[in-house]
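Colleague: The chain contents come next:
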Amino acid sequence: MTTTEVLIHDLVEKHGKSRNALMPVLQGVVACEKFLSEEAMIAVARELDLSAADVYGTASFYTFLDTKPRGKNIVRVCKTISCHMQGKDAIIKAIENHLMVKVGETSPDKKFTLLTANCLGWCHKGPVMLINDEVFPSVTPEKAIEIIEEFAKKTI
Amino acid sequence: MSKYMVNLKINNTPIQVEEGTTILEAAKLLNFRIPTLCNHPDLSVAGNCRVCVVEVKGAKLLAASCATPVSEGMDVNTNSEKVRIARKHIIELLLSEHNVDCTKCFKNGHCELQELASEYRFGDHIFIDLVKDRDKVRDISSPSISRDASKCIRCQRCVRTCDELQSVSALAVVNKGDHQYITTFLNKPLNDVVCTNCGQCINRCPTGALYERNYIEDVWQAIYDPNKFVVVETAPATRVALGEDLGIETGVRVTGKMVSALRKMGFNKVLDTDFTADLTIMEEGTELLTRLKKALVDKDDTVKLPLMTSCSPGWVKYQEHMYPELIDNLSSCKSPQQMFGALAKTYYADKINIKAENMVVVSIMPCTAKKFECNRPEMRDSGFKDVDYVLTTRELAMMIKQAGIEFDKLEDESYDSILGESTGAAVIFGTTGGVMEAALRTAYEIITGNEVPFTNLNIQPVRGMEGVKEASIKIKNTKPEWNFLEGVELNVAVAHGLANAKQLMDAVKSGKTNYHFIEVMGCPGGCIGGGGQPIPTSAEIRKRRADAIYAEDMGKTIRKSHENPEVAEVYKEYLTHPLGHKSHELLHTHYKVRKRY
Amino acid sequence: MDQKPLKKIDIIFGWDDKCTPIQVVEKTIKKTPENIILDMIDSGLKGRGGAGFPTGLKWKFCRNEESEVKYVICNADEGEPGTFKDREILDKVPEKIFAGMTICGYVIGAREGYIYVRGEYNFMLKTLQQKIDIFNQQLHDMKVDFHVFLRSGSGAYVCGEESALFESMEGKRGEPRNKPPYPTVAGYNNKPTVINNVETLVYTSEICRMGPEQFKALGTNDSRGSKVFSVSGDTPIAGIYELELGMPLRDFVDEFGDGDTKAIQVGGASGHCVPRKKFNDTIIGFEGIPTGGSMMIFNSSRSMYNVLHDYLEFFTEESCGQCTPCRIGCQQLLKGIEAVKKGERPPTYLDDLKRLTATMKIAAKCGLGQSVANPFTSIVDNFREEIIY
Ligand SMILES: Cc1cc2nc3c(=O)[nH]c(=O)nc-3n(C[C@H](O)[C@H](O)[C@H](O)COP(=O)(O)O)c2cc1C
Ligand code: SF4
Ligand code: SF4
Ligand code: SF4
Ligand code: SF4
Ligand code: FES
Ligand code: FES
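Residue numbers (the numbering used here), protein chains in the order written: chain F, 1 to 156; chain G, 1 to 597; chain A, 1 to 389.
A few of these clues could be false.
[To be verified] When the alpha-carbon atoms are kept at most 20 Å apart in a straight line, the in silico PhoX-like pairs for lysine-lysine are as follows:
1) A/Lys27 with A/Lys143
2) G/Lys401 with G/Lys104
3) G/Lys264 with G/Lys228
4) G/Lys351 with G/Lys385
5) G/Lys60 with A/Lys143
6) G/Lys188 with F/Lys68
7) F/Lys68 with F/Lys34
8) F/Lys102 with F/Lys72
9) G/Lys28 with G/Lys60
10) A/Lys216 with A/Lys8
11) A/Lys179 with G/Lys57
12) A/Lys18 with A/Lys126
13) F/Lys34 with F/Lys153
14) G/Lys355 with G/Lys385
15) F/Lys17 with A/Lys172
16) A/Lys191 with G/Lys88
17) G/Lys136 with G/Lys104
18) F/Lys34 with F/Lys72
19) A/Lys92 with A/Lys131
20) A/Lys354 with G/Lys82
21) A/Lys354 with G/Lys60
22) G/Lys228 with G/Lys28
23) G/Lys9 with G/Lys28
24) F/Lys125 with A/Lys92
25) G/Lys582 with G/Lys351
26) G/Lys595 with G/Lys509
27) F/Lys14 with A/Lys126
28) G/Lys132 with G/Lys351
29) F/Lys143 with F/Lys93
30) F/Lys34 with A/Lys126
Because the hints were derived from the structure by calculation, they are not lab data.
All values reported here derive from a predicted model rather than from experimental measurement.
Okay, chain F solo, but in the shape it has when bound:
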């Protein structure tokens, strides 16, 4: 078994072999691998006795269950109105320039994927960004770059 298959097997052991376990299992894979590869979706389908199309259809419904390859860190900048009003455009531009990517792309060193997100639930402290599961409220363009640099250093 590949490491992905082992991971999924263990997740299924933990959450149970039923359809109700699909979300936690997919979330578990994304937590480790950042996205759901073809291999991962097939392995999940096999373990839970579902069709691969069904797993793909379900996963692709959820913004955080990416089915496209992603970098080691996923940066999501809130683009909804409060953060818009508080300057999310400047944050995005700064990160784009710094990582030399556009929204939706992954940096050449595969360390970062830059995405936008809908309201993250910190509207009183915008603009907000999420890196992986961590929240960074009230960021400025400078602070955003600093934070990203921190992550770059931590990521091998």
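Let chain F serve as the given structure and place chains G and A with the ligands on it in line with the hints.
Modeller: Chains G and A with the ligands only, in chain F's frame:
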């Protein structure tokens, strides 16, 4: 248990219906038609298209009539101002997301969306065109099924069909919001995924988003080519459904008219797949008895039982994907279509003095999976592609129209000979349980010398539309060479539609069953409900087609495959005996394990 | 009109050392379920998740269903733009939520409760799980047959819709179901289910702690009690505030505005936009404009075209996509205002679009599609010039 009755009013007309009835059903009882798109009588309720909305007095929201059960005192209006405006908006919205080029569309004239749009005659469209370039790419990877996402209205009928009726789930809804659409696993070509080519999704797609790969032009080309000798074969179930696409009532048999039309279109010989259906019974029946003998007498534990029928290529491919461990249980017999092609280009070509390379075999099928089947590399045992083109019943109807033939005015004609004669046993191949019944009629008589112990040879337990049917026949008074079967209870099972097949296969896999023989047809109802049959389909329509099949059986003088004189002749002249050397070469095949994922 | 002046309240985040959440459970389950339901109904508590359904009735309906298995679900999917109060509750006083769930479980006869937290709040799952473990242990020690589980979403606003949430928990696409049946009859796993918002559940446990009288003394006839508001936008004091219900919007603006407030979006993207001229006669409560708690303040420097555009983009992306009026309607609204702005369509096209929203409001399958008309008409009607020019 007596049902609770509910009183309500629809368009001011009072009605009393059983609790649990939907507004849509209740309205139908009063002859009020409410338009629908996502609703289909064979499928679970989705309630997503919203064209069926109606106004219920006192409610703020309109109710989707297909998804809303009636309640006491309900006062429903199916055509109020609000309803009309909403319905128009909804159709308009669907059209704005739709690549509306009806004149180029295969479903033109048979399209539920087009019908609705024409009822409302919009004139100018108010909304902005939203068709995505992504969707404009057609998927013609499969030899059976074509997909045109730009014609899809996201009703999810195909998704529910593939899941609920067929347990395949090759299609899924993906993404959300404006990115939502219907596709395969990772948007792969249909031919590269688990799709069985059954075509059931086509039968239930309201638009031109799913349709058969059509070979109409190729067949006309062959007919026009003076160097080609074009032979056509017609499957059992086509003759009880073709009329539906040509203005004839459902359930009326049109065998003779169909033969006549095919001749008028210019086919050189009009022959019958029913002939090879009888032949299949001879081969498969013998295979069953051989396997039983090996198991019971020789105690050979490598013999795979139950034997499973293999005439439904959608079912065969399903088995190859889903139950590779049971693949050797499949009969090695080719489907009647392919037996026909292999014989046509060898025995028959010789007999009528035509070079096989100049012969074109066209088969008219209720089935889309047969298009895939004829392209399998295993299906070239004549040295050529045994069957060149497969046309669905629907395609044939289109060709008849193109040829300007007034179908309903045609006189009945008979099939050519040889390979044209058939029995009642062959005809019933067209409906679920038919192959089983035909096989039992013959096998029982081979073993005992007596007819099967059922009134009029009608083996009722394997008939009808139950998803999985079972029967047991006690074998009595065997001939000496079959005395090992004396007193044996022959256990058989029949399933139609792949979801039912799955249930049966899981039971077999569990080891708790003791069947000897299993018939599976990939489509609900068997071939009469095939993926190539006229649209629409419903339990009611399938029942009427099945009734017609049994009527045709009763009308035949010969009703047992082993009594087909042409079959006997072919054995005598060419094949020698069932499972003989030539049979093995031409009539049998093998299967391959395919990936489920 | 029945109204109350703006008043800050401290029920939700307050802490009573003498009667902690687990003690509230202990004391409450000495009462009969019927009496607890009566207390809930008496308190006048209505759901805080947006729809405002009377909580006591919901519990009663579910209790009346016969089923071996029932569920309590806490809706912590908080995805409405401009709403962030549930996160604060989950962070500061989660035990009160657990207590509310346990009491509900006792009332309706459920042994399992689930909290469905939006994926955006993954960072708090670990601590939350630890607190749940402690609470479950306390229940176990008290021999209360109830267990709280934690589940999380993965970034889909529509999963806050109750039936979509069940679908999601069942491992499916979050597509809302047809209604009826309602959750109290067939919810999660098709079993009778009570689903309540985070804040609603906290109020239930608080009502059990302090009695219904104290709660219903607050607010107006139609809007009993207080509510937690998420205040954002053009305000010097953005944040989370618990306020008595029934206040005029004017009071709110005076307290939170920056002196130049031109409009307030009450209830998030799916709520209504109230322009300055209507501040005086708008009441915040179920009799006026109900809200899940989001109050977004815009001053005169803001373009209402941008605001509407943002909202429509949000709905276009977050629609589950299954039903025609919403999936295609949202796209048409978005493309439509862009076309009007660019002059590709005449200003009167806005009226065509308004008629479309009227259809969406009554023909869409769930609350998402039904509520797009709220921001659209309220912004287009009040700021038509800003949309066109
Ligand atoms: C699109 C949509 C999103 C919703 N999101 C939430 C949500 O995030 N949290 C919530 O409590 N209720 C949400 N609701 C309301 C729920 O469907 C449901 O009414 C509520 O959870 C019931 O709880 P309550 O009675 O305590 O308010 C949403 C409704 C819709 C239509
Ligand atoms: S699917 Fe129907 S409406 Fe669409 S182009 Fe084809 S015939 Fe016309
Ligand atoms: S042809 Fe049959 S198996 Fe293939 S997608 Fe359609 S319904 Fe599914
Ligand atoms: S392909 Fe056909 S059946 Fe499937 S969703 Fe589209 S329109 Fe409906
Ligand atoms: S209204 Fe929107 S979110 Fe709700 S069911 Fe319809 S498409 Fe889905
Ligand atoms: S708008 Fe950005 S967090 Fe809410
Ligand atoms: S037919 Fe009722 S919603 Fe589609």
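Colleague: Under the constraints set out in the numbered hints, which ones does this structure not fulfil?
Modeller: 5, 9, 12, 16, 22, 28
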